[in-house]
Amino acid sequence: MPTVAGYEKEYVSRTKRSRAHFEQARKLLPAGVESNVRFFEPYPFYVKRAKGPYIYDLDGNRIVDFALGYGPMILGHNHPEVVKAVKEQVGKGTMYGASPDLAIEYVRMVQKAMPSIEMFRFANSGTEATMHPIRVARAYTGKEKIAKAEGAYHGGHDYALQGVDIPEDMLKDNRNQPSVPYGKGIPKSISDLVVLYPFNDWAATEEVITKNADDLAAVIIEPVQAGGGCFVPRDNYLKKLRKLTKDLGIVFIFDEVLTGFRVARGGAQERYDVKPDLTCVAKVAGGGYQLAGFGGSRKIMEEIVPKVDGNVYHGGTYNAHPVSVAGGLKTLQILSRPGAYKTIDRIGDSLFQGLRDVAEDRDIDVWIESVGSLGQMYFTDKEVVTWRDAIDIDRERWNHWFMYSLGKGVFFGVPHADEHFFTSMVHSEKDIQYALEVSDEAFKRIAKE
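Numbered continuously in the numbering used here, the sequence shown closes out at residue 504.
I should point out that these hints are in silico values taken from the structure, not numbers from a laboratory. Just to be clear, a hint being listed does not mean it is correct.
[To be verified] Derived pair list, reagent style BS3-like, types lysine-lysine, alpha-carbon separation capped at 30 Å:
hint, residue 1, residue 2
1, Lys64, Lys106
2, Lys198, Lys362
3, Lys294, Lys106
4, Lys295, Lys227
5, Lys64, Lys503
6, Lys227, Lys301
7, Lys295, Lys330
8, Lys200, Lys266
9, Lys362, Lys397
10, Lys354, Lys301
11, Lys266, Lys354
12, Lys139, Lys397
13, Lys147, Lys103
14, Lys198, Lys298
15, Lys198, Lys243
16, Lys503, Lys437
17, Lys167, Lys301
18, Lys106, Lys147
19, Lys298, Lys266
20, Lys499, Lys485
21, Lys227, Lys298
22, Lys139, Lys198
23, Lys198, Lys227
24, Lys200, Lys239
25, Lys330, Lys294
26, Lys167, Lys71
27, Lys71, Lys503
[Claimed, not checked] Here are the in silico distance ranges between beta carbons for each label pair:
hint, residue 1, residue 2, range
28, Asn366, Val145, 32 to 38 Å
29, Tyr489, Asp247, 46 to 52 Å
30, Leu303, His471, 31 to 37 Å
Glycine included, every Cβ here is placed at the ideal spot set by N, Cα and C.
Build out the structure end to end from the sequences listed, making use of the hints.
Below you can see the structure in the form of structure tokens.
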């Protein structure tokens, strides 16, 4: 095991069973985890159960959870109404190989929240939810290139894993940034089909999109960019991009995998009053179950409909899995109740504003970006508006805060400095206050360094 830093000592002392489990797990699973995102030094903890705003690890520690399954658990863990709906569906059957009757009711709930979705198809993950509409857009336009924002994350397929992270020696002017694969094993030829633009820099974005318009099938965007943390759109950036893509005949895709049903019932398109051509959803859409999907303009979505002269292929054995649809439907029904998002946003604001206040009291330089129940804290004395702004953050201080907090039983989201964390509908004032007290102590220790 790597050398344990001072701020990791309490975590290590409280997670002996997780450490032992890790030693076994890494013999069977690369890095001892099922997803690279879950790994962090000195070792990850392992969960036994979860309830409400808490998760419980192998050592019996109760942890206030602001990771929330990395986004889906906006109602908290094991919400009783969702559990009941899932159990009822399990009693009726778990897998049909034919369309479940609940699918239509689910799609109608999605359409009420996001009227831009005229037709919808189910998928199983955020990766699938972005991969398929890109293919549909290429078929619809007859063009092959797509444009995505620097640092944006749109899933694990080859087209999406471009420009997610750009090594410093490969950084160019943001109007002329070549696409760079993220990780090994991605064909170099894919990079030639992906154009990068800088989120929140309108002049540069307009220049990049206009210059490449003749070759672009689609512009895909996280309307609140969560790749790299959390970057809230400014100065009508989304509306300007919507107008530009419409004028140029480019399919405009909102990746609402993370923002959908979280930053508003109708996602970022409701919050910022922008209507995309296609929308991708997952995470909250399934309420903790494997459910995703995409939809939008009827004219574009009909590219999937089987035709004699060919069509876009879309399939999946587990699409609209009955159990997942039941869990997702009940989640969306709960979120449609009056006052749901006032509660969600109030709880989010109390945490993110509280962190600002505590850091200021301790004279710790941080920049916090948040929208409703989604946000991130950057250790920096600069404003963070774009992905490039976040390159020079103090990652060591962030790690100190994160690991000290985890040792005290507060899990502040995805365990990496360029990610994000969330609040749920069920975090109490007591939970928020405890998290702020723990952060205050972490800031106090950081200030003494």
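Legend entry - In rising order, the numbers of the hints this structure does not comply with: Hints 3, 9, 22, 26 not satisfied by this model.
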